Amino acid sequence: MSKSKNIVIGVSGGIAAYKVCDLIRRLKDKKFDVHVIMTRHAQEFVTPLTFQTLSQNPVHTNHFELSQEKEIDHISLAEHADILVIAPATANIIAKIRTGICDDLLTTVVCATRAPVVVAPSMNANMWENPITQDNLKHLRQLGYHILEPESGDLACGYTGKGRLPETETILSFVQKVLGLKSPSKKK
73 MSKSKNIVIG VSGGIAAYKV CDLIRRLKDK KFDVHVIMTR HAQEFVTPLT FQTLSQNPVH
133 TNHFELSQEK EIDHISLAEH ADILVIAPAT ANIIAKIRTG ICDDLLTTVV CATRAPVVVA
193 PSMNANMWEN PITQDNLKHL RQLGYHILEP ESGDLACGYT GKGRLPETET ILSFVQKVLG
253 LKSPSKKK
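Residues in the sequence shown are numbered from 73 upward in steps of one, following this note's numbering.
Do not rely on the hints blindly, as some may be mistaken.
Using C-beta positions, here's what the derived DEER-type ranges look like [as the list claims (entries may be wrong)]:
#	residue 1	residue 2	range
1	Thr171	Asp101	35 to 41 Å
2	Leu121	Asn198	32 to 38 Å
3	Lys254	Thr171	17 to 23 Å
4	Thr119	Pro203	31 to 37 Å
5	Ile87	Asn202	31 to 37 Å
6	Pro120	Arg186	22 to 28 Å
I should point out that these hints are in silico values taken from the structure, not numbers from a laboratory. This structure is a prediction, so every number in the text was calculated from the model and none was measured. Built from N, CA and C at the ideal position, the CB exists for glycine as well.
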């Protein structure tokens with residue numbers, strides 16, 4: 073890769089937030105410049121310090137926080153992103169994005185960016201199958217959002233079904249595809 077791509081990872085409050093640690097590590101291995109936005113609920117699952125250590129960049133948690141350059145975070149993050157990846161994307165964050173609610177830093181950056189947005193849902197199987205969630209995702213697809221379907225299997229809540237955050241390699245390949253880069257599994 074000739075120029076490092078800027079990837080903004082939006083982490084919402086789901087148990088699968090811990091899986092994003094491996095995703096960040098793998099993105100850094102591929103020489104991506106990773107910036108993390110965490111919702112308030114995401115911070116209940118993984119600490120900002122963990123993501124800061126892995127990304128080697130400050131983690132953004134506050135809607136009205138000024139960066140060292142005195143830029144407004146949501147505008148700076150939105151403008152500099154080559155891609156925005158929301159993982160895990162809860163039913164709550166998906167609904168907020170669909171309806172244009174900008175009540176935290178992540179939803180505000182989504183509204184302000186012109187970069188492609190990848191949404192990687194992760195939730196209880198019943199929440200995934202809920203007609204409202206499915207309608208929200210259909211609407212986001214129509215608007216050009218890139219939806220990465222969740223996987224099926226055992227869920228943290230004790231259910232079995234569709235709703236698992238895809239494995240790191242799947243998310244990484246999807247991100248590279250959206251960016252027009254070669255998939256890590258392809259060889260020259």
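>> Output the indices of the hints that this structure fails to meet, ascending.
In response: The structure conflicts with hints 3, 5, although it agrees with all the remaining ones.
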